[in-house]
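Visitor: These are the residues of each chain, in order.
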Amino acid sequence: MMGGTWQRLKTDRYGMSGLVVVIFFFIVALLVWTGMLGQGWSEVSGNSWESASVTHWFGTNLLGQDILQRTLFGTATAYEVGLTVTVCSAILGTVMGALAGWYRDSWLDEVILWLKGVLDSIPFYLFAAAVAFALQGSPAAMHLAMIITFWTTTARIIRGEVIRIKQREFIEAARAIGLPGLTTVFRHVLPNTFHILLVQSTIVFVAAINTEVILSFLGLGIQDGVSWGLMLAESSQEVLAGHFGNFIAAGTSLFILLMGFNLLADALQDALDTRRVIK
Amino acid sequence: MNSFSQHAKPPLLEVRNLSLNFHNQKQVAVDQVSFAIKAGRTLGLVGASGAGKSSLARSIMGLTEPGTGEILFKGKNISLMDSQQLKTTRQGLQFVFQEPSASLSPRRTVEQTLLEPLKHFAIGDKDYRQQKILKTLQTVGLNQNVLQRYPHQFSSGQQQRIAIARALITNPELVIADEAVSSLDTSIQAQILQLIQNLQKQHGITFLFISHDLAVIRQIADDVAVMYRGQLLEQSPVDTFFGNPAHPYSKILLSFANYEVPSHTVGNNWSLDRGRLSTDSAHTCVFAALCPEKMPVCERLEPASHTIQNKNHPPLQQHCVKCHLYDEAKSNET
Amino acid sequence: MSKVALRVENLSVWFGKGPQRKQVVDRISFSINAGEATGLVGESGCGKTMTGMAILGLLSTTGANVRSDGIELNGKDISGLNAAQRRAFLGRDIAMIFQQPGTAFDPVFTLGQQISAVYRRHFDGNKKQVRRTMLESLESVGFNQAESITAAYPHQLSGGMRQLAMIAMATVCKPAVIIADEPTTALDGSTRALILQQLERLRHQNKTAILIISHDLSVVKQSCSDVMVMYCGRLLEKTDCESLFSHARHPYSAGLLSCIPQISPIRPPAINSIPGQVPAADKLPPGCHFAPRCARTESQCRQSVPEFDSAHQAGVACFRPL
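Chains as they are written, first to last, in the working numbering: chain A, 921 to 1199; chain B, 2 to 335; chain C, 591 to 912.
You may find that some hints are simply not true.
Stated by the list, open to error - With a straight-line Cα cutoff of 25 Å, these simulated BS3-like cross-link-like pairs (lysine-lysine) come out:
1. Lys-930(A) / Lys-607(C)
2. Lys-252(B) / Lys-593(C)
3. Lys-202(B) / Lys-10(B)
4. Lys-1086(A) / Lys-88(B)
5. Lys-27(B) / Lys-133(B)
6. Lys-593(C) / Lys-873(C)
7. Lys-120(B) / Lys-1086(A)
8. Lys-612(C) / Lys-930(A)
No wet-lab data here; the hints were simulated from the structure.
For clarity, every value in this text was computed on a predicted model and none was experimentally measured.
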């Protein structure tokens, strides 16, 4: 099963390059978290706006901080935000979607759907600002705002899958021995949704990072550290003065990583489709 | 075993006046069906698609909304039981589905699938369960190296064996098989039928075997019950059904099975008949519209179920027919 | 003298190459005359459906490799045609009735729209003519209320009705050859009898040549004059129905026949079965593919492949036929 998926994925050149990019950046993030890279992100190590040189590969920013160090740290931030939001919203979305789908047309389904509707209608950036205000500028505000709004898409998809799977005979077989509903959902239904969840998660990851970029422009992004979004926000003034270091470093990294994830997501979707025949 | 003691034991499964509607009460699935299955005698349930056989089977298992009427398993009324009491009963009553690939959970190994009923019903300890799994696999003709594999890695014949093993693992007394061999190839079907016959003879398991294929029923059943549009029209020992059926519908079913098309069925969309609505009149025989032996009374009054006595039957094998043709027979009985 | 409506010579289908090659059809040859029906019998995975689809050229998008010495439809070779040329005669001169009537129809169009679309693809005609032809087609398969059927969507009909509608769609252009893939599987006795009646009518009235693909030998016995038995991509026996059912010569054919449950007034004998199971297409045993399951195997059977010239009308691929 997973073996078959890997075989198919291996043949997809774009997908494999996406995977390589994702893994490469993840290793960088790991190195930052373990303290081996990017530790000098806040240190003022040079003059303001130095251009690229041997000591500062991308030059320095307005404050004299090394852009390369900040870019490396930004990788860790990207993964930290991406993983936290993806995992938490996936769990929340799956549980809500599974309950709504299994107890379809019951009051629980109605409540969850209503909640989804409400959350989907709130303008996100307003909501993020409200959460930041409510939490007194805590660094977790951004993550929280994203998790609370991102789970709805996952829930909708999982709910649809659960409704489909519910009708299959092996679920009837579980009911035939009297297996309780919730046990059936977690033991038999949800494992069959993993393939969709996986693809959806890569998409959420990309959305999380993109959202963080915009939040940074609004001043609602990362508070204790640096992210590519913050660097891009900084660069918006800098490029007017002819300094492109921040912009190129952050923009390129962002583009490559997101491109990698997108290629991987598409390839995963094809690879997980067991009915495709490879020529 | 003398006939007296057989008479004294209650039937293994008894259904009394079971009725069930679906699609929001608009369509009749099962209509006042009554029958009994004695331990050791397999009942073959036949009828065209849409006759209600599957609905009846699922209703017995508690897989549909509850209907009206009574279902007695080993003498106890299971239609009234709550889920706790039902749990112990369910051990003795198991189900095998039509599509083996669909009835096995795709992300669970064979071992997990076979362990699940044992764990759910809290049967035995770890050693017992291990032994039981191995023994059951042997009974269905599978090797223990199937345990760590997933359903999709097996052929449909093997998958159906796994499904049967799952049904057997709790030592059930009654197994309901719903078209369990209908989607299998001829030679695989023969293998599974042999397995079922073995289970009947060597392990004493009673089956409620549903099939639209009369030839399969011929091989496997001791008694035959015929359903049409939710009603049970005839129930008889298997030799009687295939030798000398009483109900006109049974005769037509047999003709079709022998590839003989009775002339009156041509051009009438005969088989393309849809289900029965709960708003349809109750004062008519369900088969009247298409019956070649229709009498005026058939469209005015629903026939009662008559017991036909026949000196060729052993005394306790019933032959019931729901047909006005046998009204006189009833009046001749004492 | 009937003319040959369909002739297939040495048709082979395989997937992959080298050691991972999966041979699903291995040099099949046969011919069917106008107005006759031949059965292609075998169990799941033997390649019979692939044979039917290869004849129609429907395998081009699946990664399958198809090769033959010729596939002739009314004398014209269709094996080398490209997709556009093929589209000109598919549905008009040769049509297929598929295994799953539920999925063969498009659920968002009515039956009337789908059937008339087939007709309009090959023939011109004004709206009235097309409608008349379509209604005739539906009536000829036994629908008493053809008008209401044309307005119905596939999901509104039962399985048996859908199968009849599929026959109507396949025959609206009165093709010379019809390939019916498991036309009666999963349908109950009465519907089965109706479907077979329809196929018989097509043979007699329209002189259609029919290839019936089925795992059900008794269906073939009822409706065909000739039969071919297939196993793991190869033809093991080819003969007329009467001969096969009275004295099958290949052990596999005989085995299959003995598996069929019988209806009889007296208690039938115990069921027979063929031990073992069909090998996977990428793990075919050397020599005769049936050897591991055969009671009459000798060393020659495992070393070389028994063959018969399947261009002949009858033959058996066995070193020790019964």
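Visitor: Does each hint hold? Answer for all of them.
Guide: Hints and how they fare:
The straight-line distance between the Cα atoms of Lys-930(A) and Lys-607(C) is roughly 19 Å, inside the 25 Å bound, and the hint therefore holds. For the proposed pair Lys-252(B) and Lys-593(C), the alpha carbon gap of about 41 Å is over 25 Å, so the pair is violated. For a cut-off of 25 Å, the pair hint linking Lys-202(B) to Lys-10(B) stands: about 20 Å separates their Cα positions. Using a Cα cut-off of 25 Å, the hinted pair Lys-1086(A) and Lys-88(B) holds, with the two alpha carbons roughly 22 Å apart.
In summary, the hint linking Lys-27(B) to Lys-133(B) is not supported, as the alpha carbons are separated by about 45 Å, beyond the 25 Å threshold. Proposed proximity of Lys-593(C) and Lys-873(C) is contradicted: the alpha carbons are some 40 Å apart, above 25 Å. For the hint linking Lys-120(B) to Lys-1086(A), the alpha-carbon distance of about 22 Å falls within 25 Å, and the restraint holds. Taking the CA atoms of Lys-612(C) and Lys-930(A), the gap is near 21 Å; set against the 25 Å cutoff, the hint holds.
In terms of the numbered hints stated before, the structure departs from hints 2, 5, 6, listed from lowest to highest.
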